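**Q** Residues per chain, in single letters:
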Amino acid sequence: MIVVAVVLTSDHTDLRGAVAVLGLTIGWGFIGTGLFAWARRPDNSLGSLMALTGFAFLIAGLSSSNIPAVFTVGAFLSSVYIVTTMHTLLAAPHGRLSQGDRRIVIAAYLLVTLGVLPLYLFFDPSTQCENCPDNVFLIQHSQTVVDVASIVINLIGVVLIVLVLRSLIRRWRVATRAERRLYTPMYAAGVALMIALIGNLVLQSANSNSKAADVAFVISLVPFALVPYLFLGSLVRARLLEGGAVTRLMRRLSETPRAGHLRDALAEALEDSSLELVYWLPERQGYVDFRGRDFELPTEDPSRAIHLVAREGECVAAIIYDALPEAKPHVEAVGAAASLALMNERLEAELRAKVDELRRSRERMLRIGLEERRRLERDLHDGAQQRLVSMALNIRIARAKLNEDPLAADQLLETAGQELDSALAELRELARGIHPAVLTDRGLATALETLASRAPVPVELAELPAGRLPEAVELAAYFVVAEGLTNVAKYANATHATVGIARENGRVVVEVADDGVGGADPEIGTGLRGLADRLAVLEGRLDIDSEQGRGTTLRAQIPCA
Amino acid sequence: MRVVVADDSVLLREGVVRLLEENGFEVVGQAGDADDLIRKVRAHKPDVAVVDIRMPPTNTDDGLRAALEIRAELPDTGVLVLSQYVEEGYALDLVGESAGGVGYLLKDRVADVDRFVDSVRRVADGGSALDPEVVSQLVGRARRDDPLDELTPREREVLELMAEGRSNNAIAEHMTVTERAVEKHVTSIFGKLDLAPAPEDHRRVLAVLAFLRA
Chain C
1 MIVVAVVLTS
11 DHTDLRGAVA
21 VLGLTIGWGF
31 IGTGLFAWAR
41 RPDNSLGSLM
51 ALTGFAFLIA
61 GLSSSNIPAV
71 FTVGAFLSSV
81 YIVTTMHTLL
91 AAPHGRLSQG
101 DRRIVIAAYL
111 LVTLGVLPLY
121 LFFDPSTQCE
131 NCPDNVFLIQ
141 HSQTVVDVAS
151 IVINLIGVVL
161 IVLVLRSLIR
171 RWRVATRAER
181 RLYTPMYAAG
191 VALMIALIGN
201 LVLQSANSNS
211 KAADVAFVIS
221 LVPFALVPYL
231 FLGSLVRARL
241 LEGGAVTRLM
251 RRLSETPRAG
261 HLRDALAEAL
271 EDSSLELVYW
281 LPERQGYVDF
291 RGRDFELPTE
301 DPSRAIHLVA
311 REGECVAAII
321 YDALPEAKPH
331 VEAVGAAASL
341 ALMNERLEAE
351 LRAKVDELRR
361 SRERMLRIGL
371 EERRRLERDL
381 HDGAQQRLVS
391 MALNIRIARA
401 KLNEDPLAAD
411 QLLETAGQEL
421 DSALAELREL
431 ARGIHPAVLT
441 DRGLATALET
451 LASRAPVPVE
461 LAELPAGRLP
471 EAVELAAYFV
481 VAEGLTNVAK
491 YANATHATVG
501 IARENGRVVV
511 EVADDGVGGA
521 DPEIGTGLRG
531 LADRLAVLEG
541 RLDIDSEQGR
551 GTTLRAQIPC
561 A
Chain D
562 MRVVVADDSV
572 LLREGVVRLL
582 EENGFEVVGQ
592 AGDADDLIRK
602 VRAHKPDVAV
612 VDIRMPPTNT
622 DDGLRAALEI
632 RAELPDTGVL
642 VLSQYVEEGY
652 ALDLVGESAG
662 GVGYLLKDRV
672 ADVDRFVDSV
682 RRVADGGSAL
692 DPEVVSQLVG
702 RARRDDPLDE
712 LTPREREVLE
722 LMAEGRSNNA
732 IAEHMTVTER
742 AVEKHVTSIF
752 GKLDLAPAPE
762 DHRRVLAVLA
772 FLRA
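Protein sequences appear in the order of chains C and D. Using the numbering used here, you'd call the opening residue of the first sequence number 1 and step up by one each time. Using the numbering used here, you'd call the opening residue of the second sequence number 562 and step up by one each time.
One thing to keep in mind: the hints can contain errors.
What the hints assert, rightly or not - Listed next, the stretches of chain C that the computed footprint assigns to chain D, with coverage defined by at least 3 CB atoms under 8 Å from CB atoms of chain D:
1) 411-421
2) 425-437
3) 448-461
As the list claims (entries may be wrong) - Among chain C residues calculated to face chain D with C-beta under 8 Å, some are:
4) Thr440
5) Asp441
6) Arg442
7) His496
To be clear, the hints were calculated from the coordinates, so they are not data collected in a lab. If you're wondering where the values come from, they're calculated on a predicted model, not measured in any experiment. Where is the CB? At the ideal position from N, CA and C, for every residue including glycine.
So that you can see chain C by itself, here it is in the shape it has in the complex (with noise of 0.2 Å):
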């Protein structure tokens, strides 16, 4: 009001009704959207900002006064405004400056207040309108010095506007496209008030009293007065955005689900496309999409933010969105929202994810089979078959031989001897190694028993499991007993190994320790894999605990009733 008085008595100002107007309306404009923003967003300065640059605007209308000492400080602080504004919208959306930006604008504060201080000190206004009232500062009058600040004020100004412009157009480029959907409008006026308040400057130091600088302080106005009601407008807008997305998500989950149906409607209520939504399998212990293909967490992009949904204690859902202060709150309402869909969903997850293991597994499995079976027809023919093709010759040659050279024949039948004694050793070891009928007949204990005799370092079998076990089960134990023993033999450089098997709250844990170099890698070694597959199929997994010089323990689950 005080301003708007000081105004419109004003004795030296021009258009003394369009300027109170217009101050009133700009200067109110900033002070109450940062009140606003302020009381929303304490802890983000830019509310703070925007208030102080529509006071700053307001003191800028002080050097309308008649009265000396007011005019002097309201036209000494007349371009203060200027620079908070620059403030503002560097510091915009999250109201933090970057180390470079914050350089400007200390740099501008100094420039505003110190730098025209010269200015003040040897510039007596009277020489320039007659009705202005005294300068307080006035030491005395020097039209040269007066001259010069003004150019060097104007240059830097200038500078400092452009290097401005430039740090919005860069923030605009590395913007996100949720950033870019809010602060548009924001930033293209910050713009075009950079560009008209350059234009000003420029004019004003070719011609110091020219219109045209006027005409061009003027048109600044212009996206100055908008820079509020534009922010206002993207806080509204983000507010809105908080109640719309939950409303919107309901919606879209009424409606008949398919596959990825609740990431399309999360994406839509969050207006965020690159969303993304990953179920946790606890059962893995990692992260799968609708489809049930395993998926990283982006750890290390600051343009990704993740938020993790838990429903009674236990994490279900990961939702990655396009990292954005405001998105946060939408992304926890909307996942809070969600999250009985998302268990549902999830379940899905995992149905897909365990059938496309089992599919895989079962690949695998057809492809060791046939590679196992490749093997056994190599064995078979070059050990075995061969031996008998020899064997039959030289029992036709000691028949043939049998009346005329009795002593060569009986030699060829003695090898013919030995030779089955070899085929009929192997195809036992073959038969062995294909199916251990130990095991069928007298169980684990007895079969286990049998491999811990012919492994190469002693082995202790510990626990072992009282009854018989389903024989599915026994069978994979087995495996992953003799797969063991056989990489403590191969690999582990081991004095002692440890065999144990014992169930677990429906389960049936196989344990082979050894005390070796350990450092096994579960990654290599086709036996390892093949023992995995075996096991996933049975609903059962495997873990390898190998640290480098501190042994190696497989250990095997396998769920049994």
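With chain C fixed as given, assemble chain D onto it according to the hints.
**A** The following block gives chain D in isolation, referenced to the frame of chain C:
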């Protein structure tokens, strides 16, 4: 000597029967499955039963189970089990608490007629006959601070033959040394392994098995 032969493969059974009959055994009964075997053994009370491990009705180790039943019920009847596989587990189960009148041989061994006949005779007489492969598996088992390392190669050989159930006489013949030399080896082995001397062959088999198993 009276024998019952049990094997579901007629071809093999007839072969074994012929082989035994040619070597002076009297085959008093033939069986094609485990139940049949037990029935015939109860009826004929033979000196020894030669039993295939894999037989109907379940085609798993029915023969072995029937053998255990016979051993429990008729201790005077020897049982010689023939197996397709070398499984120490089977052998140790079969021997159980006593190595008297029991045998476990690979099926292939029937081809070596003399040794096979000798084994049947030994089991019928209350001795033991363990397959050399089973014994070598047991002896070859990796142990911590293996006491077997203290044995000389010669003593090791004697140990294995002893574990098969052979008499000193048979061992001497096999190694072409005197029986006296074998006795010395045996004493030395028992000393090194810290075992109590056993007078009968089948008792020392049990002692050696118990040692090897531990």
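**Q** A separate judgement is required for each hint: does it hold in the structure or not?
**A** Hints and how they fare:
no.	hint	result
1	411-421	holds (count 3)
2	425-437	holds (count 5)
3	448-461	holds (count 10)
4	Thr440	holds, 6 Å
5	Asp441	holds, 4 Å
6	Arg442	holds, 6 Å
7	His496	holds, 7 Å
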